[in-house]
Each structure stands twice: as C-alpha cells, then as structure tokens.
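Undergrad: Here is how the chains run, residue by residue.
Protein chains: 2
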Amino acid sequence: MEMPPPDTMVLSAKARIVAALHGLLPADAVISDEAETRAYECDALTAYRCPPLAVVLPRTTAEVASVLRLCHAEGVPVVPRGSGTSLAGGALPTADCVVLGVARMNAVLETDYDNRFVRVQTGRTNLSVTGAVEADGFFYAPDPSSQLACAIAGNIAMNSGGAHCLKYGVTTNNLLGVTLVQMDGTVVEIGGPYMDAGGLDLLGVICGSEGQLGVVTEATLRILPKPEGARPVLVGFDSNEVAGECVSDIIKAGVLPVAIEFMDRPCIEATEAFAKAGYPMCEALLIIEVEGSPAEIDEQLALIKTIALRHNPVEFREAADEDQAKRIWLGRKSAFGAMGQINDYMCLDGTIPVSSLPYVLRRIGEMSKEIGLDVANVFHAGDGNMHPLILFDANKPGDLERCEALGADILRLCVEVGGCLTGEHGVGIEKRDLMSVQFAPDDLEAQLKVKDVFDPRWLLNPAKVFPLDATASRRAA
Amino acid sequence: MEMPPPDTMVLSAKARIVAALHGLLPADAVISDEAETRAYECDALTAYRCPPLAVVLPRTTAEVASVLRLCHAEGVPVVPRGSGTSLAGGALPTADCVVLGVARMNAVLETDYDNRFVRVQTGRTNLSVTGAVEADGFFYAPDPSSQLACAIAGNIAMNSGGAHCLKYGVTTNNLLGVTLVQMDGTVVEIGGPYMDAGGLDLLGVICGSEGQLGVVTEATLRILPKPEGARPVLVGFDSNEVAGECVSDIIKAGVLPVAIEFMDRPCIEATEAFAKAGYPMCEALLIIEVEGSPAEIDEQLALIKTIALRHNPVEFREAADEDQAKRIWLGRKSAFGAMGQINDYMCLDGTIPVSSLPYVLRRIGEMSKEIGLDVANVFHAGDGNMHPLILFDANKPGDLERCEALGADILRLCVEVGGCLTGEHGVGIEKRDLMSVQFAPDDLEAQLKVKDVFDPRWLLNPAKVFPLDATASRRAA
Chain A
1 MEMPPPDTMV
11 LSAKARIVAA
21 LHGLLPADAV
31 ISDEAETRAY
41 ECDALTAYRC
51 PPLAVVLPRT
61 TAEVASVLRL
71 CHAEGVPVVP
81 RGSGTSLAGG
91 ALPTADCVVL
101 GVARMNAVLE
111 TDYDNRFVRV
121 QTGRTNLSVT
131 GAVEADGFFY
141 APDPSSQLAC
151 AIAGNIAMNS
161 GGAHCLKYGV
171 TTNNLLGVTL
181 VQMDGTVVEI
191 GGPYMDAGGL
201 DLLGVICGSE
211 GQLGVVTEAT
221 LRILPKPEGA
231 RPVLVGFDSN
241 EVAGECVSDI
251 IKAGVLPVAI
261 EFMDRPCIEA
271 TEAFAKAGYP
281 MCEALLIIEV
291 EGSPAEIDEQ
301 LALIKTIALR
311 HNPVEFREAA
321 DEDQAKRIWL
331 GRKSAFGAMG
341 QINDYMCLDG
351 TIPVSSLPYV
361 LRRIGEMSKE
371 IGLDVANVFH
381 AGDGNMHPLI
391 LFDANKPGDL
401 ERCEALGADI
411 LRLCVEVGGC
421 LTGEHGVGIE
431 KRDLMSVQFA
441 PDDLEAQLKV
451 KDVFDPRWLL
461 NPAKVFPLDA
471 TASRRAA
Chain B
1 MEMPPPDTMV
11 LSAKARIVAA
21 LHGLLPADAV
31 ISDEAETRAY
41 ECDALTAYRC
51 PPLAVVLPRT
61 TAEVASVLRL
71 CHAEGVPVVP
81 RGSGTSLAGG
91 ALPTADCVVL
101 GVARMNAVLE
111 TDYDNRFVRV
121 QTGRTNLSVT
131 GAVEADGFFY
141 APDPSSQLAC
151 AIAGNIAMNS
161 GGAHCLKYGV
171 TTNNLLGVTL
181 VQMDGTVVEI
191 GGPYMDAGGL
201 DLLGVICGSE
211 GQLGVVTEAT
221 LRILPKPEGA
231 RPVLVGFDSN
241 EVAGECVSDI
251 IKAGVLPVAI
261 EFMDRPCIEA
271 TEAFAKAGYP
281 MCEALLIIEV
291 EGSPAEIDEQ
301 LALIKTIALR
311 HNPVEFREAA
321 DEDQAKRIWL
331 GRKSAFGAMG
341 QINDYMCLDG
351 TIPVSSLPYV
361 LRRIGEMSKE
371 IGLDVANVFH
381 AGDGNMHPLI
391 LFDANKPGDL
401 ERCEALGADI
411 LRLCVEVGGC
421 LTGEHGVGIE
431 KRDLMSVQFA
441 PDDLEAQLKV
451 KDVFDPRWLL
461 NPAKVFPLDA
471 TASRRAA
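In order, the protein sequences belong to chains A and B. full-length UniProt numbering applies: residue 1 is where the first sequence begins, and numbers increase by one. full-length UniProt numbering applies: residue 1 is where the second sequence begins, and numbers increase by one.
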C-alpha cells in the first residue's frame, strides 16, 4: 500500500480529531483554525511558543469528561489551561495536543457562610471568588499577583501563593475539595467541606500537580471573614543582609504578619522611577502588614517596631491612614511592571529557610557580579519565597543563555541551603531539568509512579515537571 | 511427595521468617515467643485481638528498610505500629504478619528555632516533642487525648487532631516532611522544612494513610512559639441545640479560639460524679479557650461573651486565674475516663459541617431513644469533629451488636449532612465497610490505585481502611 506524504497524514489525523471534538461540543467550543489557535500558543513564559492542534472550551464537567475520554482513546495529548498566566510554561502546548481551557466554566455553584466555603467552577478568576463573597464580609485568602486574571484551576495546578499568604497559607491550605476528571474520563470527587475524610487523602497530591493527574473542574474553597482592618509599615535598611536578619527575627519571635515583602536597591530604584511611591533610597526595604482589630494591630506593630529598631533601620514609616497605606503598597505592587519597563528579566521562584536569607542574598550578589548580570530582588520574605529578577538584554547575543545559567545556579543554591526550586510558580518546562537537583532518583520515581496511576499513557500535560530523560521511556510507551 | 501436616507448615514458615529477621536485627529487636507477642495482639480497640507471627522493634531507618525488604520478598504482611493507641484498630495484627513497632526510634534529630521545625524519629511520643522544645518557648500543636503515650508515627498515620486543633490545624497542617520506607525497602524523602517543593506533593497522601503506603521513620514537624497566655470560659445551656447554635455563631463570626469543647448532660453527670470539677448541671456546656497576649485574650473573650449571651446561657464562667482555668478543663479531660467507670462505650469520630450541629445532635437523641441505648456527647465542636459515646453493657447479649448498628447509623447521618466518617481516629478495621457510604466506586478506585503504586502486593497493614469486598481481588493477587 502506498503511504500518503507525512504532512497529509498529520492533516488528516488533525481533521479526524477536530471532527470528533465537534461531535462532542457545541460549535463555538472547538477552535482549530490556525490563526485562532495561535492565541493559545504560549502562557506568561512567552519565550516558548507552540500552537496546538486544537483548543476546546467546554462549559461543564461532563463536556470535559467527554473530551478527555476521546483524547485518551485516540492517544492525543491534552494540555489543561486556566487563564494562561503561568510563569513557568505550565500551559505551553505541544503541536499534537488539544488545549483544554476551562475559562468558560466560571460559575459560583454554592456559597455557605455558616461553614465558610464556596464551591466554584475552576475557570473562575481568583479575584472574582472574593468578589462573590465580599459584600457579605468574606474573602478568599490566596492572592497571586495575577489575581485579576488567573483562574482557580491554575491556582490549584501550581499551588499558588501571594503576598498575603504568610498568615493564611497558599492554595493547598485553603482548598477543601475538588471534582477531578481523570484522563480516561472518569470523574472523581476528592475531599469536601469537612475535615480529613478517611481513606487516602488525594487532595494534597492533586494540588500543585500542574495538570499531570487530571483536570479539576470544580473546587470547594475555604473563605474567611474579612479582618476588621490592616496596616502596613515600611522599614528601610542600609544592607540586604540586615533586612534579611530582621525578617528572620520577626518570624522567630512568633509574630504573624499577613505579609512581609522585601525589595532591594535595584528594585527600589526602578520602582521609584516608574511609580513614584516615595520610597526611601536605601539598600533594602521591607513592607510588613498586620491585620486584626485596632488593638491587635497596635500590639503587633509595637512588637515589630521593637524588633526592627534593634537592626538600626534608616527608616521606619507607619501608615497613619488608608491613603498612606496605599502609598506604601503602591511601589511593591508596581515592581514587576517597573522592572519590565527598563529591562528584560527572568523571574525566579526559589524558596529557602528564612534564616538563610542573609547568606543567600549575599551569595546572589556575588554570583551576579561574577557573571555580569544585575539581579533585583523583590519577594515574599516572610515565608522564604524569593523572586530574584535577573536582568538581561534579549537583543544581546548570549545574554539569555547567561541569564538561564545564573538562574539555574541560584536555584541550586536554594536547594543547597535546604530550600526548594519553586514556591508558587510551578516547575512547568522551565525548571524540569533541575528537578534532579531537588530529588534523589527514588524520590522522583515515587512521584512518577503516582503519575502512572492517574495517567498511564502519559498524555496529560506532557513533557512538563519531570526531567525529560527520567520520563522518556514512559512517554514513549 | 508427601505433605507435612498444615500446622507444621505454618510453624516452619514462621521459624524461617523469624530466623531471617534475627539475621537482620539485634537479638532484642525480634520478638517471636507467643507469650511476648501477645502484648501486641491489639491496640486501643480492644474488642479485636490477634497475636502476630512476630514483632520487630528496629532502631534505624536502615533496619526498617531491611525488614520490609525481607517481608516483601517473602510475601509476609507487615502491620506498622506506633504506640498502639489507635481507637479504630489501625494497629491490629493479622496472624501471619510481622508487627513493625517504631517505639525504640524516639530520638530528636534536629532542632531549628530560626526556621521553627524539629526533626524526630517517629517513635517519639507526641508530648515529648513539645517536651524537647518547651524550655525554649516552643510547642508542637496537635494534641490528641492520648498525647502522653501516642507516637508521632501513629499521629501521621491517622492525621491526628486534638482539643486545640481548631486554631492550629491537625497533623497534616503541622507536618513538613517525612522519611518513608516503602514496602520494597526503598527509602524516599518527601517534603522538608520549606514550602511546596515542586513536582507531585506526596506528603498529603502519606499523612492519614494509616500505614497503607509505607513506614514513616522520621518526620519534620512545624513548631510554634508558645502563646503568652490562654484563658478558658465555661458556658452552660439548657439545650444541646442552643449550644450547637452558639458554636455555629462563634465560627461564623470569625473568632478563632484554640478550642471549643462540647459536653452534654449524660457526659456532665458522669464527669461530675468522677472528677468533681464543679460543673453546672445543665443540658449542655461549652468550654471555649482563647490564646494570646492579655489584650488579645480580653478582646476575643468579650466577643465570645457577646455571642454566647445572645443564646441565654444558664451559666457563663470565666477563669479568673490559673487555678480556675485548670478546674474548667478538669472535667473535660476526665470525661472519657469517667464514662469508662460507669459504662462500656463505643466512641465515634464522625465530622460534620458546624452549622449542622443542632440538627445532628437532635437526630442522635432521637436515634438513641429508638434503639434504647444512651449516647453521651463530648467532642471538639469548633471543627465539627463529634465523638458521640454510645453506652452499652458488654455482658448483655446483643448490646454490642445494637451499639455497632447505632454507631453505623450515626456515621451515615454524618455523611448525609455533608460530613465524613472520621475526623482523627482513622478508619482502621472499625469503619472500613462504611467507606462505600462516603465514597462512590470511582472515588474509592482512585484511592486503591494509589495504594497499588506504593504496595503492589498489598502487604502493608492488610484488610484495613478499605471495604473488604472492594479489595479482595487485590489482596489475593
């Protein structure tokens, strides 16, 4: 028998899959036109791009199940997608995949203030979860910087955090249950609005699994009563290390601010030029916010002030009113945008024991000088989740490569001091090859075996999270 | 070939395994004498007993690995055991099993106050974890009633809670990492003293897995700075339902006491007769404790008082000093002992949404009357974790069976209102057949498949947690 030329084969396979998808979903829920699929070719890690074979935008759990069942039967890889805000390439397609976007599944399904939870479809954006309950005095705690856009589905996939997670925890601490569609189309309910359910608790392994185990279509989320008030202070220091020591001492003292944010001089300078928040020009500053009743706020801030003053700050500024509070936060919230105005940058996400902050900051400074690329630091210092921004020039040959090399070295340093590769952005494609720095072969094998259970054909979000050489035989099988 | 008689076969198989165990461990770490193994024939669910084939008491992770490797190769089931305080039969042996007790592995391996964690061997008792750090002002939060005796290994296996877990969470919220020995002897490190580590987070599924996935030999535990002070109040009500409504209102208001304990009249009466704590004779009482600085305590208690007074309590008693605080807790802490003095009882562990407390308490009262067995309620009301005690007479034919039937009905009720079978005691053998009330077949199958990964031959803690009919083919394979 004569074979058709290869590109005809690909085309006809594509046509067959697309036709089958149309048989399952309404016409407007399947995108296969090349110009339109291009909108899904990347996420927020824009250095990597690849248009998918097709995109589906289902509206119900049943539709998701039907798509997965088809792709499973046909051996077609599936890349789940929330809002596409991943900084680690978590939603990057492959050319032969169907992108399954949950953006149209954004309903609030149940609100229960007595038991303090909401149940939502996971295409709902992070901020609009709070939006649905704030008139009644509640909020959803995890607050990634992208919270206006990012979907709960992605928050669950990446176990997302945010500036205010020091006190309230990250996604895994606020997620009570999920509806998970497995690759073969099976729908399972995991957890719910109660404590520990008996049997094996699969919720923890689903949270942060980066779309490797299934598609989460519905989620039960813990909501919290809004605190009476909040007040930030800004503390400036004449060295990174002293600022790091101050953070460490606050944590050690057992004070629990909702946020401790850290910015170093390169970041302060860029931010001031951009946002004009009136920050002091110093080597490092901390923004520390506490919440509660006025009495609680006074008491916590007094303790924080005592600790901060022991480290001879060059500035200690307490917000006297709402307006001053906003100004204190303004610069921090503009920091990433400000850096983007003047530089290309790569944002890291390593996490370290808080007591290692001074050492790690010093080493990053040294490594930055050695390689000749500036590093600006702006991050959630309270929980040790660092976001060093390596500045480079994308138009200068070799700069990106040097930047990636420095990034890998900094992440190795994080692991070396007892930390880890990623606090909240996920591994994606960005850090997959560094996973073997973090995990011994047996540790990694235990993870791969769990992936095997949920997705025996390795079709879900392929070639992410795990080092390619460790998974090659599985993916080929 | 002529076959030896069956009991000789068993004997010689036992002799061979015991000899092999002696080859791996020091002489005093292997117990095979029938009189001595009898000490391990049950845990705190004493209605079920079965002496094991042998008991090993290893001292290191390497010794644990060598025992598991041997048992895996020989197809010998292994029942892991902490201190044997399980109320659900979690450590009940089978006749053909090796009990692997971790009691001798009780060292503190690392203490890090800067980053607020300790690393211990898991045979260490719960209370002695706090004991190791309290001189420096820290404590380990989960506090099961058995904390003087129970081991961290068992706490992790059952995801144990305790009276003070409303604020600080249960074991899973305070566990940072584990060293896990898998059934084939492979040792893996999971988690550690940092946030979310990237890749699949297996820590959540290990915690609460009741010895189904491996033996946890070392654990990294979050420790917290001791609060400045704590103060309980006692509030008496003339009905269970009103007390339940008060709990629900406190939770809804967003106050976060460290404990809200509930006792009903049968429990108050038994306790008073036994401990003479000076409790008011009323239908229901709450013990509510708050922690913090004196100002924080005053503020929280004022809010709690306002809410409580709206429900017309028959008594509102605030502890004025340390001595009065102790008296308030005395009765609660004696409650189980007091009930045991006058009755046989079965202690349930269902968990429900807090807002369902009034309804569930009323239904339990009705069901108790219908079947003719008294039920005393004493439990952690703040997180909806109920411990109804069904009173029966073990010497009266048929009483135990009626008690078990009522217990199952009460647990079904918990699931019906959106709760679950077990808050902190685990499923063990006690509730395995009720798991299908909680989980649909596909939900359960997802759990079984994860068990398959860690223990393909189903040798670890056999015939527990899952309904026997759902696992028969796997266990036989």
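Check each hint, because a few of them may be wrong.
For chains that are exact copies, the list does not tell them apart, and a pair is met inside one copy or across any two.
[Stated by the list, open to error] Calculated pairs, DSSO-like style, for lysine-lysine (alpha carbon to alpha carbon, straight line, at most 30 Å):
1) K226 with K167
2) K276 with K252
3) K252 with K167
Hints are computed from structural coordinates only; laboratory data are not their basis.
Undergrad: Please go over all the hints and tell whether each is borne out by the structure.
TA: Do the hints match the structure? See the list:
no., hint, verdict
1, K226 with K167, "both (13 Å within a copy, 17 Å between copies)"
2, K276 with K252, "neither (33 Å within a copy, 41 Å between copies)"
3, K252 with K167, "both (14 Å within a copy, 19 Å between copies)"
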